[in-house]
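Peer 1: Spelled out, the chains give:
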Amino acid sequence: MKHATAAAKFVANDERSHWHDKALWFIRSKRDRMAHSVPEWEILRDTAAAIKAHTMTHLAELLEQFEENATKLGATVHWAKDAAEHNEIVHGLLRDHNVRKLVKSKSMLTEECHLNPFLEKHGIEVTDTDLGEWLVQLRNEPPSHIVMPAIHIKKEEVGELFHRVLGTEEGASDPPYLAEAARTALRQKFMEADAGLTGVNFAIAETGGFVVCTNEGNADLGVSLPKLHIASMGIEKLIPKAEHLGVFLRLLARSATGQPITTYSSHFHGPRAGGELHIILVDNGRSNLLASDDFHRSLNCIRCGACMNTCPVYRRTGGHSYGTTVPGPIGSILAPSRDAEEHSTLPYACSLCGSCTDVCPVKIDLHHQLLTWRREIAALGYVSLDKTVPMKLASAVFRRPWLYRLAGRVARNVVPWMPRFMLYNPLNVWGRKRELPEFPKESFQQAYARRNKASGKGGVR
Amino acid sequence: MSSRDTVLKAIRKSQREATPLPTLDQDWLKFEDPIDQFTKVLESVGGKCLQVSSRSEINDRLAEFPQFESANVRASTIEGVGLSTVSLEEIDDPHNVENVDFAVLAGEFAVAENGAVWITDETLKHRVLHFITQHLALVVPAKNVVNNMHEAYKRLSFDGRRFGTFISGPSKTADIEQSLVIGAHGPRSHVVFLVDDES
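Chains Y and A are the protein sequences, given in the same order.
Residue 167 in our numbering sits at position 167 of the first sequence; the count goes up by one each step and never skips.
Residue 78 in our numbering sits at position 78 of the second sequence; the count goes up by one each step and never skips.
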């Protein structure tokens, strides 16, 4: 579906669209305060970008090094070339361990692989234990943001949902009350789980360990009770050395939510005594992206979500308008690399303001890549007529000065007299939310000539 | 071909010209008074820091916390501190520590820039206790407060099986309308004791 079509639903509720906009801008402001409190912020960004660039140019050997070291620590490393293989590996492990109930901590990769419906089809109960992700799971919808999955939901809606699912008081919408109800229910889920699955924020080639960051402690609760821990990670999550974590952990939470660090930054090196640890390395299109001269830098993303929080289009249209696992500026680069036709409108859901590029902690040139995608998509012929026809018309006019002047004269003298229905009709996409400006009485050239005549200078040229 | 080989081959085919690793040898943020900075940041994330002259003082300070006084089940790994009511070593199944109301555990060092304390499970049989207890107190030598995360990683080595976490404040969520709620699934309160005479 076109971004604009999906977004129309969201923006139809003007009040909600503005509420969403403000909520995200609040987080962007917190991020600014945090970034400004670190004098070496720009050095950190440069360093992070350089570490990631190095990683991507040594990815194969670093993955092998990670596998070797993780195996030495007693973990089992699996490789999945795509989502289907990843899901099969997870299901195989759960089947072998007779797992009926699985608790998950936040993992955008498993969203990307659509793991939940796959496991549920096989009779496994899956609970997303990040509160935001649990909310969207209970509502049968995907997350609308990668860090704050339920940012689009109002507390009254959470109240109704919990009243229905957990039996909380009808009409109660006080966040502490609702969070307490979730706490009780989810702690029960942790106690009953047969296995825990986490995502991975960073995996360290040098040590064979990995780091998972949460604020709730749900990843640690999920994998410290049952014996089986499965960690799913995209192959781009690697960093060369443990000391590099100093750079990334300083950037991640400050960029994401404006916190100095997440509450829990857990370092897993091997399984715990008596337990099992399985790490799944997933490609699912990432090696393709690595091969792209234009878009390979999007693999450097550490999924902080700062580009979404600052994006004027994301803030007003909501994450679901993008129709992808990862929405916002970074999602609009990643999605077309999977299917350019299906996601052809996403690079246009952008004003090219460049704010995303300014806040990205690993300095991905997001808005440049979005512009490059537009060129690609145009070359592939996926641009719709309502964009190509006006562009061709404008190009024809701009190439012919006489036609340009004539068009200007006609516009100045005729348009102000035209009835509304002729101007604001379904063909005028631009005019849906906009009014034409008042037309001037004379052209720029006329005004310029008149002004110079009055001051005694020569005319044009 | 195995998936492993397929993936590695695809990566090798598109590997670009190597770029060097940057130096981490920089003039990173330092604080005039790291303990003061740690205390302030920890408070800003919902925790509390108390500096005490010796371990024996901790019990007196703990008594001032209503959540400690009213705790039915207390667990401590610090000798002589925390009035433990359970013997953690005798518990085999980690699920059985779920009822702990107040835990007093050891932290290795603290980080001034973000209020975090590094903990491991080396002296603790069930690491889940850090996350499942209703209230958590960490005991850290006051001399072990580093300025920033770069100094933190200089102290750490990962050469073998181990688990470790930076904990900065109590468990929290802002998933309902960005409204901060302390005590998401884990500890509802978090206090760090910095002990002066700890060797």
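Hints listed in this document are in silico derivations from the structure and should not be mistaken for laboratory results.
Treat the hints with care, since some could be wrong.
As the list claims (entries may be wrong) - Here are the simulated lysine to any residue pairs, SDA-like style, with alpha carbons at most 20 Å apart: (1) Y:Lys-241 x A:Glu-57; (2) Y:Lys-72 x A:Gly-164; (3) Y:Lys-241 x Y:Ala-50.
Stated by the list, open to error - Computed footprint of chain A on chain Y; a stretch qualifies when at least three of its residues, placed anywhere within it, have a C-beta under 8 Å from a C-beta of chain A: (4) 22–31; (5) 41–50; (6) 77–91; (7) 221–228; (8) 254–266.
To be verified - Selected chain A positions facing chain Y (in silico; Cβ < 7 Å): (9) Phe-31; (10) Ile-35; (11) Val-52; (12) Leu-83.
The model shown is predicted, which means the values in this text are computed figures rather than measured ones.
Every residue gets a Cβ at the ideal spot worked out from N, C-alpha and C, and that includes glycine.
Peer 1: Each hint: holds or not?
Peer 2: Comparing the hints with the structure gives:
no. : hint                 : result
1   : Y:Lys-241 x A:Glu-57 : violated (40 Å)
2   : Y:Lys-72 x A:Gly-164 : holds (18 Å)
3   : Y:Lys-241 x Y:Ala-50 : holds (13 Å)
4   : 22–31                : holds (count 3)
5   : 41–50                : holds (count 4)
6   : 77–91                : holds (count 4)
7   : 221–228              : holds (count 3)
8   : 254–266              : holds (count 9)
9   : Phe-31               : violated (12 Å)
10  : Ile-35               : violated (16 Å)
11  : Val-52               : violated (24 Å)
12  : Leu-83               : violated (24 Å)
The earlier numbered hints that this structure contradicts are 1, 9, 10, 11 and 12.
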